[in-house]
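J.: One-letter residues, chain by chain:
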Amino acid sequence: MNWLNNYVRPKIRSLVGAKSDVPENLWLQCVSCEQMLFHRDLEDNLNVCSNCGHHMRLPARRRLETLFDDGKFQEIELPENVVDPLKFRDRKRYSDRLKDSRSSTGRTDAIIVAHGEVGGQKTVIAVFDFAFMGGSMGIAVGNGILAGAQLAVLQDAAFVAIPSSGGARMQEGILSLMQMPRTTIAVQQVKEAGLPYIVILADPTTGGVTASFAMLGDIAMSEPGSIIGFAGARVIEETIREKLPDGFQRSEYLLEHGMIDMVVKRHDLKDTLARVIDLLMRKSPGAEIVQIKADAGEVSDTDSGTGTDGVGSADGADDGSKPDPD
Amino acid sequence: MAETRVHAFLDFEKPIAELEGKIEELRHLSDDGEISIVDEVERLQTRVDRQLDQTYSKLSPWQKVQVARHPGRPHCLDYVRGLITEFTPLAGDRGYAEDNAIIGGLGRFEGQSVVVIGQEKGHDTESRVKHNFGMARPEGYRKAQRLMHLADRFGLPVITFVDTAGAYPGIGAEERGQAQAIARSIEVCLELTVPIVSLVIGEGGSGGAIAIAAANRVLMLEHSVYSVISPEGCASILWRDGGHATDAANALKLTAQDLLALGVIDEVIPEPLGAAHRDGEAAIAAAGQAIRNSLAGLKGLDGAALRQQRRDKFLKMGDTTGL
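From first to last, the protein sequence lines stand for chains A and B. So my numbering is basically just the index in the first sequence, starting at one, shifted up by 681. So my numbering is basically just the index in the second sequence, starting at one, shifted up by 3.
Read the hints as simulated data drawn from the structure, not as lab findings. Glycine included, each C-beta is placed from N, C-alpha and C at the ideal position. Hints may contain errors.
Calculated cross-link-like contacts (lysine to aspartate or glutamate; reagent style DMTMM-like; alpha-carbon spacing at most 25 Å) [what the hints assert, rightly or not]:
id, chain 1, residue 1, chain 2, residue 2
1, A, Lys964, B, Glu89
2, B, Lys133, A, Glu937
3, B, Lys133, A, Glu873
4, B, Lys302, A, Glu873
5, A, Lys872, B, Glu89
These stretches of chain B come out as covered by chain A in the derived footprint (C-beta under 8 Å, 3 or more residues) [what the hints assert, rightly or not]:
id, stretch
6, 90-101
7, 112-121
8, 171-180
With the rest of the complex left out, here is chain B (with noise of 0.2 Å):
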């Protein structure tokens, strides 16, 4: 899990960095057998912790662009292995490929039989690889419009997990018809009898992600990020130059922050002290419990009741007009 990987500092963590070196040096002396710097190593813990605190409570909205896109953060295989049980990997869109960017299949989330539908971008080379680094085909919104229609068909609630920079771009892509399958996946999303949640828990890069995200209810992790466009792609066509991100960023409105207070999502699911990508194990068990209460909150509702539901929620969003 995330422990096993490289611990990428960001450029903003500089100072975290050089106190948690020191911490490990004082660590590698006690090894030694010589005076007790217990007390010391607590005080810089205390002084790491508050830095945390401090750097993660007001990260710029790039700054968080960054910490979504953290390769130590858990991705979505991460969140199935610790929340779903009996994982049951279902492959395919029974016409071209099998694609890995996304992955999908039935399992149990707490006894309940639900159907998993993710972006995976992999955690090393030949994962990436593998995964596509979460960038999906055609094929690949395809499987999930077949998965959802399998959930429907058995009355099973979906759980999608939301990370990927977006849509692959790619000349087979348009070919095998990259928009239709992405409209086709949304208007799967919408027309589904059976309570759909979406978690965004890394990026949510555009008609990518939301192919997989026309939800009932729509979570974002703390330091996760949702756009039309990435801050460097919307930089490059707006600004005329990829290195104003910083600024696109800003302007985009795309932290789960933002997104919360414009309507667009229903939650924020609070993160562990110093992002996920320090407490896998945490930022997953918190998601755990946002599922849990969303899935209880959907009980109630029949198919119409839920199609209503959805389609209510995103007519209204940013609409001043009451249509």
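Chain A with its partners taken away, still in its complex shape (with noise of 0.2 Å):
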């Protein structure tokens, strides 16, 4: 079947009689293990190969399904700006790319911006879609994150991005440039407001969205194995003709050098993601109650609670957190 699928072209296979309504590729390679899984186990699983626990991309969507409570959320309309500023022609005009890849994607441009809740606390999510021109950053991206920064304020919600990006989008020249400084701007608003702005950072981040909003979180999250990055691999290797050392522009690579504060796996990514924003919402889950609770512990707290909360849990006045375990 799947020899059928890659070597033998569509219109040759209906000729040979294959049936028309068997959607291509039911199968996929693991590109770490080379395992083969069937695609709707893969999706079922996050496109974490369930084998060797390789992350695979996740399609901008389904981050937004996963990581929502109940996978509830609302995806907001973003402003149409002027298309190709700059008349931009390589190999392809700019403009036809661009229709190409909105047929392809069904959106706009490379960014998705949705309001919703996570852990119970309002948040807003900016997710960029790789395959939306390897999800690079032109107006339109910046705009979304201006559109995601500017929302969060407006709801009182914590901002979070979700960069995968091959950085700043070149057929918009200098004007990608120039989002650096708009993104950042956003970030700024959003924690001049006091909000919490957590980055996702997924594979692969790298460039001018690195050099900008990506590394300005207050909380800098990846998952396993996701490739972030100023200056690309191969562009390193040929200039300083050395090999890069195993693990170079990994997540665990970044979390050792002290820029990110933790790789998690994507199954735990939302429960994470909820904590940390309930931290630093919901300061003193109704500091009356607790102050009062407190107060009577001081009697009844002489007995240590190992492993637990003291006073918190013992009163049950700690609503829900679950105490560490040993």
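Dock the two chains into a complex; use the hints.
T.: Encoded structure:
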């Protein structure tokens, strides 16, 4: 079946009588361990290889579904900007490239902005769509980040950015470069409002995207094995004429080098994100209640609660927070 | 936790060790189902307790240094496990490296969101190496600064646990500005508009300690020490002989009790009978109580008042001119 899909062109296949209603590529090969994975199993497992745990890219929309509570969110419409301001042309017109990407992805540019709740807290998420011209950042993407930030400020919500991008969009030239300060201003607006700004650096986060809003998170997290860097590995290798070390520019490498707070498996990402937002937004759950309990606790809390938060959980004031396992 | 660690006896604990050995022997006997020796065990236990009380109520400064360094003493992560829920470690200085000598993160102390920072020494060879024996490099102090800024931005109180022989002395550390990192860290502590409460839980080693302890409230465990230099270091410089560590320890006034009298710290947290390494949980609970009281006492103060309180407190230390 597989060889047929891979090697026989569709037209010929229809001639040899293969059923046309069978979707192509039912099986995918894990690039890391080469295990064959059934597409539905892979999807159910959030595009994580069930054999070796390798994290493959997750489509933008799926990201939103997995992070928002119950998969529910509201996508916002982004304002239509002037298209192709430089009338750019390489081997192909930029306007044509855009048209192609728009028809193949069904969206206007490489970013989706949506709002909803994460762990019960109001949250705005701006997620890059790598399938749209490699998630490259031009004016429309910059506008998406700005719109997301402003919506977060308006809603008093946390702002989460999930870049997955090759960097600035060359076809918009210097105006792409200017998205670096523009998105930085977006971050400043969120921070000035006292709201959390969290970045999940998804595979790959590179170039001007990394060198602007993506590296400015209050909290920065990534998934195992994600490529995060400024210059591309090939460019560096060609420049310094040296072989790069194993794991270079992977998320674990960045953690070790102090650039990100944590590397989180995709299956744990939602819970981790929810906890961080909760810690930063809901500073003292019922501050007054805790105060009273704390005072009462001074008398009763002579027994030492191992592992659990002494007074809080003993009094039941600690709403739902799990005691740390020893 | 503490129980699983090797119960190392300090040299001045010899009589206690002998008595506890006897109790252990008797317990084994009773397992054989012979005569009941409960009374005898109880009698010995009373003697142990009395001995512990006597020994620990008049520890010499040098003995305190030994207790403060006891491997079985609860370390930073033990306090975090015992007192902080939803602890979410955060990593990195965003410049050079993640330094495991200083751990930090978000969590809740009795429901209140806080930022926790502290030096972790580790408890076995592997973890000691991982945490570099609690001796931080510049990136550790830069991470601490970053987390303090985070706390400030979100209005979260900062709790720090101090337990370090000192900042790490090394070529790389100097190249990357160990002194600058400590200086800036002190500055950030003093700038904070949120409450910061520091606990010296073991060793408060010099600049490496004050970097995260220029706090509104500085508390010390009863048998912890806090000093400008280690007694050994002091002895080798001033006596030109490291063997004079005992003399140096006496001269330095490094015990919690001395520092309270000097007005350098605000409170001494009582330790359980025979010190924290005999009952980690009790020590952690006492620390929790002290943190709670400290935070409650700072509750009414706004950002400016918190900074002023910190300034006034440190300006007054050792000063008789009223500057």
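J.: Decide, hint by hint, whether the structure agrees.
T.: Okay, the hints, checked on the actual structure:
Straight-line distance between C-alpha atoms of lysine 964 of chain A and glutamate 89 of chain B comes to about 12 Å, which keeps the hinted pair within the 25 Å bound. Simply put, lysine 133 of chain B and glutamate 937 of chain A have alpha-carbon atoms about 12 Å apart, close enough for the 25 Å limit, and the pair holds. Restraint check for lysine 133 of chain B and glutamate 873 of chain A: not satisfied, since their Cα atoms lie roughly 37 Å apart, outside the 25 Å limit. A distance of roughly 24 Å separates the Cα atoms of lysine 302 of chain B and glutamate 873 of chain A; the hinted pair therefore holds under the 25 Å criterion.
A threshold of 25 Å between alpha carbons decides the hint, and for lysine 872 of chain A with glutamate 89 of chain B the separation of about 24 Å falls inside it, so the pair holds. Counting residues of the stretch 90-101 of chain B whose beta carbon lies closer than 8 Å to any beta carbon of chain A gives 12, which meets the minimum of three for the stated coverage. With 5 residues carrying a beta carbon less than 8 Å from a beta carbon of chain A, the stretch 112-121 of chain B meets the three-residue requirement, and the given coverage holds. With 0 residues bearing a CB less than 8 Å from a CB of chain A, the stretch 171-180 of chain B misses the requirement of three and the coverage assertion fails.
Hints 3 and 8 from the earlier list are contradicted by this structure; the remaining hints agree with it.
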